[in-house]
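Read in numbering that gives the first Met the number 0, the sequence shown has 497 at position 498, and its numbers run on one by one without any break.
Just so you know, these hints were derived from the structure itself, not from any lab. One thing to keep in mind: the hints can contain errors.
[Stated by the list, open to error] Using 16 Å as the maximum straight-line C-alpha spacing, the simulated EDC-like pairs for lysine to aspartate or glutamate come out as follows:
{"#": "1", "residue 1": "K314", "residue 2": "E73"}
{"#": "2", "residue 1": "K195", "residue 2": "D324"}
{"#": "3", "residue 1": "K108", "residue 2": "E234"}
[As the list claims (entries may be wrong)] Between beta-carbon pairs, the in silico distance windows are:
{"#": "4", "residue 1": "L355", "residue 2": "E203", "range": "50 to 60 Å"}
{"#": "5", "residue 1": "Q164", "residue 2": "P233", "range": "12 to 22 Å"}
{"#": "6", "residue 1": "E65", "residue 2": "V502", "range": "30 to 40 Å"}
{"#": "7", "residue 1": "L351", "residue 2": "D75", "range": "43 to 53 Å"}
{"#": "8", "residue 1": "L486", "residue 2": "P345", "range": "37 to 47 Å"}
{"#": "9", "residue 1": "G68", "residue 2": "P510", "range": "44 to 54 Å"}
{"#": "10", "residue 1": "E203", "residue 2": "V502", "range": "43 to 53 Å"}
{"#": "11", "residue 1": "V120", "residue 2": "Q382", "range": "32 to 42 Å"}
{"#": "12", "residue 1": "A483", "residue 2": "P109", "range": "48 to 58 Å"}
{"#": "13", "residue 1": "R208", "residue 2": "A505", "range": "20 to 30 Å"}
{"#": "14", "residue 1": "K314", "residue 2": "S381", "range": "39 to 49 Å"}
{"#": "15", "residue 1": "S201", "residue 2": "F485", "range": "47 to 57 Å"}
In this text, a Cβ means the ideal position worked out from N, Cα and C, and glycines have one as well.
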Amino acid sequence: MADEYKEALLEKQTTYHEGCPGCKVENMKQLRTGYPYLELSFVWIVVLSTSLPISSLYPFLYYMIEDFGVAKTEKDIGFYAGFIACSFMFGRALTSIFWGIVADRYGRKPIILLGTISIAVFNALFGLSLNFWMAIGMRFLLGSFNCLLGTMKAYASEIFRDEYQATAMSAVSTAWGIGLIIGPALGGFLAQPADKYPNVFSKESIFGRFPYALPCFTISAFALVVTVLCCFIPETLHNHKQDNTLDDDSYEIIEAAARDSTASTGKTEKHEKASQGPLLKNWPLMSSIIVYCVLCLHDTAYSEIFALWANSPRKYGGLNYSTNDVGTVLAISGLGLFCFQVFVYPLAERLLGPVLVTRFAGALMIPIQMSYPFIANLSGLSQSLMLNCASILINVLSVSAITGLLILQNKAVVKQIKHYFIFLRGATLSLLKLLLYFCVIKKQEQRQRGAANGIAMTAMSLFKTVGPAGAGILFSLSERRLNASFLPGSHMVFFVLNVIVLVGVALTFKPFLKTARS
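Whenever a hint applies, use it, and build me the whole structure from the sequences.
Structure (structure tokens):
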């Protein structure tokens, strides 16, 4: 009997609460046929807009600090660069949970619009920074109002059907990863335009007086276009204000069904009680968030170290690359990442599962990162070829590992909510009550998903706050120990990056990492 009610519920669930924007989206999902190209495109451009400003400063940050005049020597530049880079993540760490709560209460769409507008404003002001402290302040405000990633994770999981959930999470992480690569490419090609393109930009123009404004203005203009497009997206949050009393009755139904099922299925009581606990006690979720944070720490630290290492002089073990050279390498890496994530990753995830993909990706990153100090000893075509291959592989593997953990987080939340369906066993409920029950479950799932993304974003931002600051200090220290007998110069920097990856891979094994299926 319970199975029949459940089937009837699944057939009727999307027709209930026709005035609810979330239910309207559910209807659209059920009626839609074919591959969700439009939804993927929207997720792509929004996530891309929020990731572009995060790392776009890395290719020119070395020269920006030099122009500010705060560093006494070349060896001190990395130290100050780390504080500008980490100010963004510090601001986001302080506000991520708040924006998650607001998104769960007022909807995803307003928060998405706020996020894209803030990118357009504060990123443009960062390009006009006159001194070190103004740069830190603008980056902090940009991070504080950057509320898009967690909201877009929730939005992507709600607007895609179940069979496209892996594709949705892959789209989020791919757009994020490519944005973290294209952003520096834009920063590299467009910074200091009056010096690079004197026939187009004069020294007396705004881009001559503010040499780092052009890449920031370009990203801000893109964010404005995305803001206009976001005005036409559907809201996915379920909002059944007119049925609060019915929802209360439905909760009573759930509790009654739970008592009935407990009497007949004592064996599952223990397991189900655990599944209803708070998110902080949901170990499959929390363990995947911890591993996710460790790998994000590596990703952020690597991004800054790579740019500083490539810009630094050869006498300090660097490549002495210009901003254009760094931009070229990162643009090639972005193209490789795009091809891999679109054509290869979904197949790899289906064959191996997210956990194995994360393990293999992390393990392969270690020997590749060990090769970077030796690449600096090469020259000409051989150096360019080896560097581009290593950069493509590191970025592909890093984003693949992070994507797997995003999928695990989403599954952990959905699994916790779906456990409530077991309460139907042995319970005789009317179809109307079952429909009401579904609405409560759907709203609860969205609350859990929004809260989970808020927790993940806050934890990730804290780790990414430490990443750039620590990377800058570590890089500055490495340039002071070029003649050390153990791990001299850049060898120490890439060794520390490998230790972080090794810790992340180790945490993917039991008993630490527990998947929702365990």
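Verification of the supplied hints:
1. K314 to E73: Within the cut-off at roughly 11 Å; holds.
2. K195 to D324: 12 Å, holds
3. K108 to E234: 6 Å, holds
4. L355 to E203: 50 to 60 Å: At 58 Å between Cβs, range holds.
5. Q164 to P233: 12 to 22 Å: Cβ of Q164 to Cβ of P233: about 18 Å, so the range 12 to 22 Å holds.
6. E65 to V502: 30 to 40 Å: 34 Å, holds
7. L351 to D75: 43 to 53 Å: For D75 against L351, whose Cβ atoms are near 45 Å apart, the range 43 to 53 Å holds.
8. L486 to P345: 37 to 47 Å: 39 Å, holds
9. G68 to P510: 44 to 54 Å: With a Cβ separation near 52 Å, G68 and P510 satisfy 44 to 54 Å, so the hint holds.
10. E203 to V502: 43 to 53 Å: 52 Å, holds
11. V120 to Q382: 32 to 42 Å: Given a distance of about 40 Å, which is inside 32 to 42 Å, the answer is holds.
12. A483 to P109: 48 to 58 Å: 53 Å, holds
13. R208 to A505: 20 to 30 Å: 50 Å, violated
14. K314 to S381: 39 to 49 Å: 21 Å, violated
15. S201 to F485: 47 to 57 Å: Since the Cβ atoms of S201 and F485 sit about 51 Å apart, the hinted range of 47 to 57 Å holds.
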